[in-house]
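Residue numbers are given in my numbering: position 11 of the sequence shown equals residue 18, and the series is strictly consecutive.
Among the clues, some could well be false.
[Stated by the list, open to error] Calculated cross-link-like contacts (lysine to any residue; reagent style SDA-like; alpha-carbon spacing at most 20 Å): (1) 161 <-> 197; (2) 161 <-> 188; (3) 239 <-> 80; (4) 214 <-> 184; (5) 161 <-> 191; (6) 204 <-> 41; (7) 223 <-> 48; (8) 232 <-> 80; (9) 112 <-> 192; (10) 223 <-> 80; (11) 232 <-> 216; (12) 132 <-> 192; (13) 112 <-> 221; (14) 214 <-> 40; (15) 223 <-> 236; (16) 223 <-> 239; (17) 111 <-> 93; (18) 161 <-> 185; (19) 111 <-> 132; (20) 122 <-> 80; (21) 122 <-> 108; (22) 204 <-> 108; (23) 161 <-> 187; (24) 214 <-> 48; (25) 161 <-> 69; (26) 122 <-> 133; (27) 204 <-> 38; (28) 122 <-> 92; (29) 223 <-> 92; (30) 161 <-> 204; (31) 67 <-> 44; (32) 232 <-> 41; (33) 161 <-> 175; (34) 112 <-> 244; (35) 204 <-> 80; (36) 204 <-> 112.
FYI, nobody ran anything at the bench for these hints, they're computed from the structure.
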Amino acid sequence: MCGNQTQPGFTHWGSFAEYVEIDFGDVNLVHLPEEIDYATAASLGCRFATSFRAVVDQGKVSAGQWVAVHGCGGVGLSAVMIASSIGANVIAVDISDEALALAKKLGADVVINAKNEKDVSATTKRLSLGGAHVSIDALGNPITCVNSVNSLRKRGKHVQVGLLLAEQSTPPIPMDTVVAHELEVIGSHGMQAYRYKAMFGMIATKKLNPQALIGKIISLQEAPKALTEMDKYSQPGVTVISFDEK
Numbered sequence: 008m009c010g011n012q013t014q015p016g017f018t019h020w021g022s023f024a025e026y027v028e029i030d031f032g033d034v035n036l037v038h039l040p041e042e043i044d045y046a047t048a049a050s051l052g053c054r055f056a057t058s059f060r061a062v063v064d065q066g067k068v069s070a071g072q073w074v075a076v077h078g079c080g081g082v083g084l085s086a087v088m089i090a091s092s093i094g095a096n097v098i099a100v101d102i103s104d105e106a107l108a109l110a111k112k113l114g115a116d117v118v119i120n121a122k123n124e125k126d127v128s129a130t131t132k133r134l135s136l137g138g139a140h141v142s143i144d145a146l147g148n149p150i151t152c153v154n155s156v157n158s159l160r161k162r163g164k165h166v167q168v169g170l171l172l173a174e175q176s177t178p179p180i181p182m183d184t185v186v187a188h189e190l191e192v193i194g195s196h197g198m199q200a201y202r203y204k205a206m207f208g209m210i211a212t213k214k215l216n217p218q219a220l221i222g223k224i225i226s227l228q229e230a231p232k233a234l235t236e237m238d239k240y241s242q243p244g245v246t247v248i249s250f251d252e253k
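Could you build all of it, start to finish, from the sequences and the hints given here?
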């Protein structure tokens, strides 16, 4: 939440290059444990780390709770794995059977294909025996945002992780329900460098297996094509760009 926040590739040049300048590296860089290879480490950026903060720090998920994850892209699949590792009962929602199959493999107890449901929120409430304790919009769409809020039980927490931009930035959240049921609507944005230690600890003890999220590894030369096709169908999981991949 730094007022002077900078992000390579957003506020200045960076991201897809052999060398990237990092501002204030003494506080923004973390030491990578030897047991984590570079491809796995790359997959942690943004998606996995963002989900870790959303589930652990913002959602404060605990064992035995019901957690609904709306959207099973990189962020959503990470949230499924992390919530499951804590001991929560996870419901994964998406419109892709392939993504839902991977969610199931990563720890989801129940999956819902939203294309086959008239009322995703009602189905989620029924399957979670009254509603989710924590529901996460991992996509960033007015539909998934509202579905997430409506999936909650009384005093539940909605965590908004997916970005809602431009004309989608003001979803019709049912504030009457938020008030009547004392729901919490929480934003979650990235993760602080100092919190990586806790995440690394769970990876080291095999509670988390982020490498299972890697769908494929491509070369830097293949990156432009992959980026321009992101709005089309792609295989489930995370695509990592590697300089070692020929």
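How the hints compare with the structure:
1. 161 <-> 197: The hint is violated at about 27 Å.
2. 161 <-> 188: Given that 20 Å is the threshold and the Cα spacing comes to 5 Å, the pair holds.
3. 239 <-> 80: 13 Å, holds
4. 214 <-> 184: Roughly 36 Å separates the two Cα atoms, so the pair is violated.
5. 161 <-> 191: 10 Å, holds
6. 204 <-> 41: 13 Å, holds
7. 223 <-> 48: 14 Å, holds
8. 232 <-> 80: 19 Å, holds
9. 112 <-> 192: 29 Å, violated
10. 223 <-> 80: OK: residue 223 and residue 80 at ~14 Å, within 20 Å.
11. 232 <-> 216: 28 Å, violated
12. 132 <-> 192: Cα-Cα ~18 Å, so holds.
13. 112 <-> 221: 13 Å, holds
14. 214 <-> 40: 16 Å, holds
15. 223 <-> 236: The given pair, whose Cα atoms are some 15 Å apart, holds under the 20 Å limit.
16. 223 <-> 239: It holds: about 16 Å lies between the C-alpha atoms, which stays within 20 Å.
17. 111 <-> 93: Holds, at roughly 16 Å.
18. 161 <-> 185: Distance of about 9 Å is within 20 Å: holds.
19. 111 <-> 132: 19 Å, holds
20. 122 <-> 80: 16 Å, holds
21. 122 <-> 108: 15 Å, holds
22. 204 <-> 108: Roughly 30 Å separates the two Cα atoms, so the pair is violated.
23. 161 <-> 187: Satisfied, since the Cα-Cα distance of roughly 8 Å is no more than 20 Å.
24. 214 <-> 48: 16 Å, holds
25. 161 <-> 69: 17 Å, holds
26. 122 <-> 133: 17 Å, holds
27. 204 <-> 38: 9 Å, holds
28. 122 <-> 92: Violated. Residue 122 to residue 92 sits at ~28 Å, over the 20 Å cutoff.
29. 223 <-> 92: Roughly 23 Å between the alpha carbons, so the hint for residue 223 and residue 92 is violated.
30. 161 <-> 204: Given that 20 Å is the threshold and the Cα spacing comes to 33 Å, the pair is violated.
31. 67 <-> 44: 28 Å, violated
32. 232 <-> 41: 32 Å, violated
33. 161 <-> 175: 26 Å, violated
34. 112 <-> 244: 12 Å, holds
35. 204 <-> 80: 24 Å, violated
36. 204 <-> 112: Violated, at about 26 Å.
In the structure shown, a violation is registered for the earlier hints numbered 1, 4, 9, 11, 22, 28, 29, 30, 31, 32, 33, 35, 36, in ascending order.
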